[in-house]
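Visitor: Sequence lines, in order, name chains S and A.
For the first sequence, my numbering assigns the number 1 to the initial residue and increments by one for each residue that follows.
For the second sequence, my numbering assigns the number 1 to the initial residue and increments by one for each residue that follows.
Any given hint could turn out to be false.
[Unchecked claim] One side only, chain A facing chain S, incomplete, derived with CB under 8 angstroms: (1) Leu-326; (2) Gly-329; (3) Gly-334; (4) Asn-366; (5) His-392.
[Said to hold, decoys possible] Some residues of chain S that are not near chain A, with every Cβ distance over 12 angstroms (derived): (6) Ala-96; (7) Glu-99; (8) Asp-101; (9) Glu-116; (10) Arg-172; (11) Ala-239; (12) Phe-253; (13) Glu-263; (14) Arg-278; (15) Glu-454; (16) Glu-488; (17) Gly-495; (18) Arg-496.
In case anyone wonders, no lab produced these hints; they're calculated from the structure.
Virtual Cβ for every residue (Gly too), placed ideally from N, Cα, C.
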Amino acid sequence: MSRRSCWWEGARAFGSVRWSWSRVLVLVIVVSGLTLVVSLPLSSAAQTSTSALVQRGIELLEANRVDEAVEELRVAVRLSPADPVGRYHFGRALFAARELDEALIHLEFARDATSEPGPVEFLLGQAYLEVGRLTEAAAALEAAGASRSDDPPIDYYRAEVCYRGGYIDRAREWFAELAEASPGWGAPVVRLGVIAMQLSDPALAAEQVEVAIQRSPDQPALWLRLGGAHAALGDAEAAIVAYRAALELSPAFVPARVALASELRIQRQEDEALVEYREILRRSPNHGVARLQVAEILAGRGEREVALAEVEQAANDLREFAVASATDGDDRAPSRQSAAELRAVLLMQLGRGDEASAAARAILGADPRSVKAYFVLGTILIRGGDALGQDHLRMFKRLTDAAEQRELGDYNRKQVDDPERARAAYLQALGHDPTDPGSLLGLGALLRRAGDFEAAIETLEAAAAAGRDDAELHREWVLASLQAGREEQARAALGRARAAGHTLGPLVWSALKAPAEVCS
Amino acid sequence: MTRLSEAAPAPPYVRDLRDLVARALCAPLLVAIAATLAVGRSHAEDTAQLVAVGSDDSGISLQHRYGSPQKGYITEFGGSGGAWIDYDMDGWLDLFLVNGLDGPVDNPVAATIAALRQPPGDVGHRLFRSHRGSFVPVPEGGGAGDQAWGNGAATADVDSDGYPELFVTAIGTDRLYRNNGDGSFDPWRLGVEDEGWGASAAFTDWDGDGALDLYVTRYIDFDPLNTPTLGDRLCTYRGEEVFCGPEGLAGQVDLLYLNRLEHAGTEKGFVRADVALIDPEATYSFALVASDCDADGDAEIYVANDSMINQLYRRDEGGQPVDEALFSGAGYSGDGREQAGMSAASADYDGDGRFDLFVSNFQNDNNSLYRNLGGCVFDESSEASGLARVSHPYMGWAALFIDIDGDADQDLFVANGHIYPQLDPVESYAQRNHLFFNRLRETGVATFEEIGEGAPEELSQATGMQARAPSRSAFAGDYDNDADIDLLVTNLNEPPVLLRNDGDMAAAPLRLTLVGRSGNRSAYGARVTVRSGSTTQHVELHTSDGYLGASDRRLLVFLPSGRADALQIVWPGGAVTELVDVEPGSLIVDELYGVVARRAP
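Excised from the complex, chain S in its bound form:
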C-alpha cells in the first residue's frame, strides 16, 4: 500500500467510525503520528531510551489512555528536548488531552525541525482551528495539503476553517463537494447536518443526517444526531425511534440512552424514562445526572425516602465529577444545584426540618436566587411560627413568577417567533424581578432584532452584571456591538467569550468575518 493510498484508507476509515469531533481528531492524530514515525529521522543513537518512552507514549495514545500518554511523553521530552519526534508526539497527546496552548508549542517546534512537515502541519492546523487562530490554521492546512492535493481530511478541515471564519455558504459548498466526491464517507454530510442545526434549521439537519445514515447505517452517533434533530423539530416520536435505533446498534452508548430517557421524561412517559435511567446506572453507576433524574422521578411519585437516598448519592457523584473535571470546565453545575435543592425539599417533606433548613441556607449562601431554597426555608419558618418565613416565601414567589414569564418569553421568542408576546412576557418577568438575568438577555436580544442596538447593549450588560455568562449572552452582545458599529468592542467581547470557553456559532462568525485568505 502506498503512502498516498494509506492516507485515502485513513480518510475512508475516518468516515466510517462513529462520528464525533474528538474521535475525528484522535483518528487524525493516530494517522499523522504513524506517518511521522516513519518520516522523522532519529537524531542519534543516544536517543534510544527516549525512543522507548516515545514508543510507549504512542502506544498509550493509540489505546486512548491519553493522560498516561501525556505523562510518558512529557518525560521523553524532558530527556531529549530537541528531539522533534518526541515533541511531535507530545504535542499530539496534549492535543488529545485538550491542552491546546501547550500542544501548539511542541507542534510548532516539531514542524520547524522536520524535513517533512505535512502531518505536523495537519495537526497544527486543527490545533490553531480549535484555539481560533484561523489564519494560521488555514496556512498550516494549506501547507499540509501542498504535498497531498485533493486530500479529503485536509479539505474537510479547510472547509471547517472557512466555516469558523464566517464564510458559511462557501463552507457548506465545500462540505457538499466533499460528500459528493466521497460517497462512502459520512463525515461531511454529518457536518452539513450539524451546521444546519446551528443555523436553526433542524429539518435540513435531519435530512442531512439521514443521508449520512444511508451511507453508514450502523453508526449509533448518527442516529443520536438524527434524534436530536427530530426533537428540535418537535417530533418526539421520531426522536425516540432514532435514539432507540442508536441503542440497538450500541446498547452501551450512554449519550443516546440519556437523550432517550430525557425525551421520554419530556413526553411525561416517566415509567419508561425510569427504566432507561436505571439502565444507564447499571452500566455507569456513578452517572450523577442520571441518578438525579431517578431521584426526581421517585420524589414526584412521593417515594421520598428512596428519592432522598438517590439524590444524596447523585450529589456525591456530581461532586466527584466536578473535582475530577476541575480543569475541563464543568457543565454539571446546574445538576449539582438541582440535587442540593431536591435534597432540601425531601428533608423538609420527611419532617427533618433542621437538616432541611441547614441545606437551604447552604444553597442560598452559594446562590441567592435559589427558588427552592427560599421555599424550603420559608415554609419551615412559617410552620415554626416565625414570620420571617413570609419574606422568604415572597422571594420564592417573586422568583417563581419571574421564571414563569421568562420561560413564556423564551418560548415566544425562540419557538413561536412572536417578538411582541415575548417582549410582554419579559417585561412582566422583570416586573417581578428586575434583575432576572434570563429576561434581561431575552429582552436584549429582542431589542437587537428591533434595531435598537444601544438599548440592547445596555440590557445585555445588565444581564451580564446580574450573573448571566453563557454563549447566548456573548453572542447577542457581540452582534449588538457590531450592529451598533462598535467592532472593536465586538471583537473584545468575542475574545472574552472564547477565553471563557464559549463557542458563539455561525451568526457571530459570519458577522465578524475572518480575513478572506482563511477561505481561499
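Please arrange chain A on chain S, whose structure you already have, making use of the hints.
Guide: Then chain A, alone, in the frame of chain S:
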C-alpha cells in the same frame, strides 16, 4: 344559644309518630349491629357498594354536549356539572344537569347565541324532578333549561324564601335562576350575569352580613381569533398534537359578588367586591371551597388554580379579602410546584377538629391533601395519607369528602378522566374513578386506601368503580333517602352516571337539615360537632366542593355508638345550638326554634 334535648316537646309536624316509636324500639338492636360492623372491619367488609343505575331505571337521560370529539380548542375539555337540589321542597332531591353545545367549537359564545335563537330542543340544561327517587324530566328545565355552553351550578336560598335558587356558569353569560316556589324558575338579573368563562361557583356569606355572597371562579379569557388549534402543530402531549393552553393564554379574574338584596337603595342585588383584591393575577381558576380553616367562625375561600398558585382568601382587620395562599402551605405542592388544580374539597379527614383541604391535579402528578396544622397553615400530606402514588396515573377532577360507608370518617371520591382524546381511548382518555376509604376509625390513623385495581375482583366490583369514562363533575346526595350517600358523576360528551349506594352503613345515620335565621337561611358555613361514644366528628355545611357541582345540603353523619351523645351546631351568625342524646334519624334544626322536625331512621 339554645339548648335542647330529646326531652324537648315533639314538633307539631313530625310526620309519622308510629314510625318513630317503632324505630325507637328497634334502636338498641340496630346499635348493636352497627357497633359490630364498626369494629375490626377488613377490606372485604367494606360496605360501600356503588351501583350504577341505568337511565331506564333512574329516568335520568342526558347526552352531554361540549364541542367536538377531537377537542380542538381548550374550550371543549372541561364541562359540565350540575346540582342535587330539592327545588320543590318535597324532601326528595331533584337533579339539575348543566349542558353545553356542539359548536361552533371555536366560539362558544357565538354557539350560545345561535342556540338561544333556536326553539327548545334536546339541547340545554336539564331539570329532573324526583318522584321518591325516580326522575322525570321537567319540560324546558322548569325555566332553567337554557341552551348555552354551560359549565357548573351552585345552589342557595338567595332570597331566604325557603326555596333554593340556581346559579349556572358558562363560557358566555352566567345566569341566576329564581325559584318561584311553584316548580318553576325564572332568570333573575341581580348583577351576576358577567360574561366570560365561569367555572365553579359557591355561595358563602363572605362579609358576615347574613346574606349569601357569591364567588365565581373563572378560567381563560378565551379569544377564538388568537388561539391555536389542532393542525397548527404548536402543542403536543406525549408526542400527540393536542389543543393549546392554558399556558400562554390570558387568564380571567374571578368574581366575588356581595349580596345587597336587603340593603336599601341598592339597584342591583349583588355588587362586585373590590376588584383589586380578588384574583389580581387573573389565575386559571377551576374550583373552590368555602371553609373555616382558622376556626374563627368565618369561612375562608380556597380556590384551586390550573398551573398557577392556588388562592386562600382570608380577611384583614378591615374585613377585606387578602390572599394568603403563599404563606399557607396550600398554595403549591409540598415541594413548591404549581400544580394543575382541578377541584377543591374540604373536610376534617383526620378527626382533629380542623378542616383540611384536598385538590385534584393533572396526570403524572399527585393529588394534594393539605393537612391543617391550625390557623390555616397546611402541610401537604398526600404521601403520608396514601393518596399520592395511586393518583399519579390519573387526571383528577371532582373530589368529594363523603362518609360513603357510614363509619364516621371522611372517605374520598375522585372523578378521573383525561383531557386529550388523542391519547389511547381505553387506557388514558377514559379513566376509572377513585373511591378511597379512610381508615381512621379502624386504625386510629387517617390513611386512605383505594379498593380497585389490584384488589380481588369481587371487591373491586363491589365498589362499583370499574367503569371508565372521561369524568368531570360529581355531586353527592342521598337521592333515595335511604340514609347513605349516593353520587351523580358527569362525563364529558357522555351521559352521566348515577351511583346508588347499596352498601350497609357501618353505623346508624343522623341526617341534619339546618335552617339558618340570624345568618343565611341555607346555613352555609354552619359547623356541626357530633360526639358519639368515643368518636367526635366535625362537619361543615358547604355544598360546592368538588368541581362544577352542588351537593345535597342536608348533612349526613353516622353515630358509632348508636346515638349522638352531644351535638353542637355553630351557626354562621355565631349562635350555638346544643343537643344531647340524639337518636339516629332525621332532624330539621332551626336556628331560632331548635329541632322542629324529627323522623326516625
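Visitor: Look at each hint and say if it fits the structure.
Guide: Here is how each hint holds up against the structure:
no. : hint    : result
1   : Leu-326 : 5 angstroms, holds
2   : Gly-329 : 6 angstroms, holds
3   : Gly-334 : 5 angstroms, holds
4   : Asn-366 : 6 angstroms, holds
5   : His-392 : 6 angstroms, holds
6   : Ala-96  : 40 angstroms, holds
7   : Glu-99  : 43 angstroms, holds
8   : Asp-101 : 45 angstroms, holds
9   : Glu-116 : 56 angstroms, holds
10  : Arg-172 : 28 angstroms, holds
11  : Ala-239 : 9 angstroms, violated
12  : Phe-253 : 22 angstroms, holds
13  : Glu-263 : 9 angstroms, violated
14  : Arg-278 : 18 angstroms, holds
15  : Glu-454 : 31 angstroms, holds
16  : Glu-488 : 41 angstroms, holds
17  : Gly-495 : 39 angstroms, holds
18  : Arg-496 : 36 angstroms, holds
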